[in-house]
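Undergrad: Residue-level listing of the chains:
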Amino acid sequence: MTEYLATIGLEVHVQLRTRSKMFCSCAVEFGAEPNTHVCPVCLGLPGALPVMNEEALRLTALAGLMLGCEIGPVCKFDRKNYFYPDMPKNYQISQYDLPFCLGGAVPLHDLSYPKDAQKMIATKDKKIRLVRIHLEEDVAKSFHMETVSGIDFNRAGTPLLEIVSEPDIASPEEAFAYLTVLQQLMIYGGISDADMEKGQMRCDVNVSVRPVGTEKFGTKIELKNLNSISGVRRGLAFEIPRQIEILRAGGTLDQETRRWDDVRGETTLMRIKESAHDYRYFPDPDLLPVRTAPLVAAARARQPELPWEKRARFVADFGVSEYDASVLSDDLEMAAYFETAAKGARKPKNVANWILNDLQSALATASLGIRDCPIRPEGLDELVHLIDSGVINSRQGKEVFAEMFSTGKAAAGIVEEKGLRQVSDAGAIEALADEVLAANPGPVADYKSGKASALNFLKGQLMKLSKGKANPSLAGEILEKKLQ
Amino acid sequence: MGDLTHLTISELQAGFRKGDFTPADAVRALEARIQAVDPQIGAFLARDFDSALAAAKKADVSQPLGGVPIGIKDAINVLGEQCTCASKILAGYKAPYDATVIARLKAAGAIPFGRLNLDEFAMGSSTENSAYQITKNPWDPTRIPGGSSGGSAAAVSARMAYATLGSDTGGSIRQPASLCGVVGLKPSYGRVSRYGLVAFASSLDQIGPFARSTRDCASLLSVMAGKDPHDSTSLDLPPEDFTSRMTGDLRGIRLGIPREYFVDGMDPRVRAKVEEAIKTCETLGAELVEVSLPHTEYAIGVYYIIATAEASANLARFDGVRYGHRAKNPTDLLDHYRRSREEGFGSEVKRRIILGTYVLSSGYYDAYYLRAQKVRTLIRQDFTRAFETVDALVCPTSPDLAFKIGERVNDPLRMYLADIFTIAANLAGICGISVPCGLVEEKGTSLPVGLQFLGKPLDESRLLGIADAYEQAGAKEILAQIP
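Heads up: the protein sequence lines correspond to chains A and B, in order. Under numbering that gives the first Met the number 0, think of the first position of the first sequence as 0, with each following residue one higher. Under numbering that gives the first Met the number 0, think of the first position of the second sequence as 0, with each following residue one higher.
Just so you know, the hints here were simulated from the structure itself, not pulled from any lab data. We treat Cβ as the ideally placed atom computed from N, Cα and C, and that holds for glycine. Keep in mind that the hints are not guaranteed to be accurate.
Said to hold, decoys possible - Calculated lysine to aspartate or glutamate pairs in the DMTMM-like style (CA-CA distance at most 25 Å, straight line): (1) K140/A x E255/A; (2) K226/B x E54/A; (3) K468/A x D433/A; (4) K87/B x D85/A; (5) K272/A x D37/B; (6) K79/A x D334/B; (7) K223/A x D331/B; (8) K140/A x D334/B; (9) K373/B x D96/A; (10) K75/A x D365/B; (11) K272/A x D331/B; (12) K126/A x D109/A.
Unchecked claim - Covered by chain B, according to a simulated footprint, are these stretches of chain A (three or more residues, beta-carbon under 8 Å): (13) 44-54; (14) 84-91.
Stated by the list, open to error - Chain B residues, not near chain A, derived (Cβ > 10 Å throughout): (15) G1; (16) D24; (17) A45; (18) A107; (19) A200; (20) G345; (21) S346; (22) P456.
Work the whole structure out from these sequences, hints included.
TA: Okay, structure coming up:
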């Protein structure tokens, strides 16, 4: 049976995180009342003219720098002509032959793949090359009701990056990883919030299959309505076998656009591509060409540490494992939290463990993001330090942690308040040991006859007697000595 | 007090400031004149005397244009007033904002007043393409006033306005000024904000004034000019008093006479008047130099590619979705678009949209649009070279006198030739002005001839100085004979 290869290219649209729109001063705000952030410019009223948003230009330069793109000395804006009700001017201001950024790449890493696929990565450290990144204006949003349609122009004119990949992606999992890294980079750079649910990041997929050993790409099919990163993966995981099956059965594929139905888990035909659309691009005479040098200089000054740079630094500076570093740097706010907590810590690795275990699960249970974490990073460090220096034991630590999480109080205060301070006074523990030994002759005899595990029982009894406050290792030592 | 409608703006302001009469008197005088004359001329598409009068009563005459009513071409947005572009597609459309020039005029105390007729979307040279009415030339009501700003020119010529605003994409201020015997200025590209002017061809459009004196045009420009944060193509230049170079003579001025602007097909009577005017310039002290603008013959072709290409996109927004004419009971979206635009646009507008769409189409772009842009650069270089040796150019504004209504409506090519001497200035982005330079007797009526001065980009002060000197010597009498 013929084996097939998939070729996937993604076209990602990312709304820039600017206060105002691309060509007017209307606010960019998700979820506002329809048509409340509109003006003559973004409604395409007669006589209105566009004026460029400098911040959008700087963020585009920043995206280019972070993705290793080439940025030419000059870019310009063009009009892309087509009629659609969500387009107020019936042309979109976009970039055609002189886009802001050319080339560049998105580096995939193990953790960017779906969890269940991280053990079966086909090509480690693959880089997905980019064709270009250009800046354009978003269109309005159409709503189709029973008998009428409505248009919300709040979105119209939002600055939008179009990031076009080369057809370097070979599997649904790679597509997932590509989008994960891209999303992370957008958030790292403060370029976009890149929330796919809010439409701040949107993705069109082109996919074709061809028999192994052949060079020529198969018929390209476009997938739309992929509203999440896992949706892209699932859409492709459905579409690729569908295409292969048709070819194996001797059928042919048409160049078409298919719609992903997330509920039914299948793609359905939207339209067959009739002929290439003629957008009649020409330079927008309302906007002057843009010199990129000052924008690139401004972007360079605010270029953040990249996720892979941060991972390497966490390993080097804090001694955390490669895996933990990846998880910690996955989310920029989580990484900042860790860094603040770990900075002065004697054992940053222990801080990392607390974040990755107790803190993450507590946040998840409380449905909170790290941004809303009731425990300040400095407070977490204090807790870890209290444990590491033996003031409280780790079981007490968990109790203190829970209290910190629910009240936001500092660890030391809770320890004092609850009298949790660990008893490390040998005299006090010896007295407790004597009491335990006297009350448990059976286990004492067991131990003496060679049953080492009896010591653990006795230690447990001592801890219980101390209401959990005894230093457990000291308790063990003293019991052992007394039993000799 | 006499009939105030004869006054220029400077005379009007002098009277306001001396207390001889008030801005309200000036508005009432216009009202009487418009009611008497406009039924025969048809310059106004809309006018609201009450609100103009209310504004006049509150006017502060110490302001730069305090209390001066200014008529506005119906393609420039004035908050709350109609802005139809003389098109059915914008019937009933009310502007929700002020164009930058309007905001500046208002801030200087001027009273924007009335909506003046034009060729639909400023496409035309006779104002016959208006979907609403034909404007007649006040010198002979059987003739056209020129276009596209025909209403603006005719209103000033017929003393129904002291000054008006028009827009000039290929001669739409200068040509009607010439045919109506008034002064019309097209500023350099970027001098005046285009924000709020309904775009025809964005890289060519400029707003400019009409008046019965060069000095009045200069005063209006002083208020209108300047960088506008809403128009990226407006230039950031220090404010200027554009009357500062009005010395009354032309000593030390080198005037270029472009050989290509005295062509065979032009009316010999126009030619004679222009040549006479050029002699007057010489007697005023100008040195005359013959120059060549070798790419002149391509200007019309280049213009009709670039202007229509830009227009095809600029006019795409008129689709009946958000505002304007909407076809009834469309069967689907495409039918809605097709019929709304079919019913809303007139034939000249459709012709230009189709032409512009064609020249931008895949496979034709390089041959038409791209090549036209290259030739545009050559045309611009012609002027740059000429201005290395001369201070300004002098030539006719229009090759013909005002023609008869209906004479060219079925001959678009001949209509397009009406702009043969004005189009290149827009392509080059330079400034230009038309000043009356003579009257020609034609079958019992007198028809005005216009003299055009073209200046370097952003050299309006000098251009206005030259035009004013000529006006004082050669045009005063014509301006005084306005019917």
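Undergrad: Confirm or reject each hint.
TA: Hints versus structure:
For the given pair, K140/A sits about 24 Å from E255/A by alpha-carbon distance, which is consistent with the 25 Å threshold. Using a Cα cut-off of 25 Å, the hinted pair K226/B and E54/A holds, with the two alpha carbons roughly 21 Å apart. Taking the CA atoms of K468/A and D433/A, the gap is near 17 Å; set against the 25 Å cutoff, the hint holds. Taking the CA atoms of K87/B and D85/A, the gap is about 23 Å. The hint holds against a cut of 25 Å.
Among the hinted pairs, K272/A with D37/B is inconsistent with the structure: their alpha-carbon atoms are about 56 Å apart, more than 25 Å. Annotation: proposed proximity of K79/A to D334/B holds, straight-line Cα distance about 22 Å (limit 25 Å). Simply put, K223/A and D331/B have alpha-carbon atoms about 23 Å apart, close enough for the 25 Å limit, and the pair holds. With a CA separation close to 21 Å, the supplied pair K140/A and D334/B stays within the 25 Å bound.
Restraint check for K373/B and D96/A: the C-alpha separation of about 17 Å stays at or below 25 Å, so the hint holds. Simply put, K75/A and D365/B have alpha-carbon atoms about 18 Å apart, close enough for the 25 Å limit, and the pair holds. For the hint linking K272/A to D331/B, the alpha-carbon distance of about 20 Å falls within 25 Å, and the restraint holds. Distance restraint check for K126/A and D109/A: the Cα-Cα separation of roughly 12 Å lies within the 25 Å cut-off, and the hinted pair is therefore satisfied.
A count of 8 residues in the region 44-54 of chain A with a Cβ less than 8 Å from any Cβ of chain B is obtained; the coverage claim is therefore met, three being the minimum. Given a C-beta distance limit of less than 8 Å, the hint that chain B covers the region 84-91 of chain A holds, as 5 residues qualify and 3 suffice. Listed as a non-interface residue, G1/B keeps its Cβ farther than 10 Å from every Cβ of chain A; the least gap is roughly 38 Å. With a least CB separation of 33 Å from chain A, D24/B remains clear of the 10 Å interface cut-off, as annotated.
At roughly 16 Å from the closest C-beta of chain A, the C-beta of A45/B stays outside 10 Å, upholding its exclusion from the interface. With a minimum CB-CB distance of about 20 Å to chain A, A107/B clears the 10 Å threshold, and the non-interface call stands. For A200/B, the non-interface assignment is contradicted: its Cβ lies about 8 Å from the closest Cβ of chain A, within the 10 Å cut-off. With a minimum CB-CB distance of about 16 Å to chain A, G345/B clears the 10 Å threshold, and the non-interface call stands.
Once the 10 Å rule is applied to beta carbons, S346/B is consistent with being away from chain A; the minimum gap is 21 Å. Under the 10 Å C-beta cut-off, the non-interface status given to P456/B relative to chain A holds; the minimum distance is some 15 Å.
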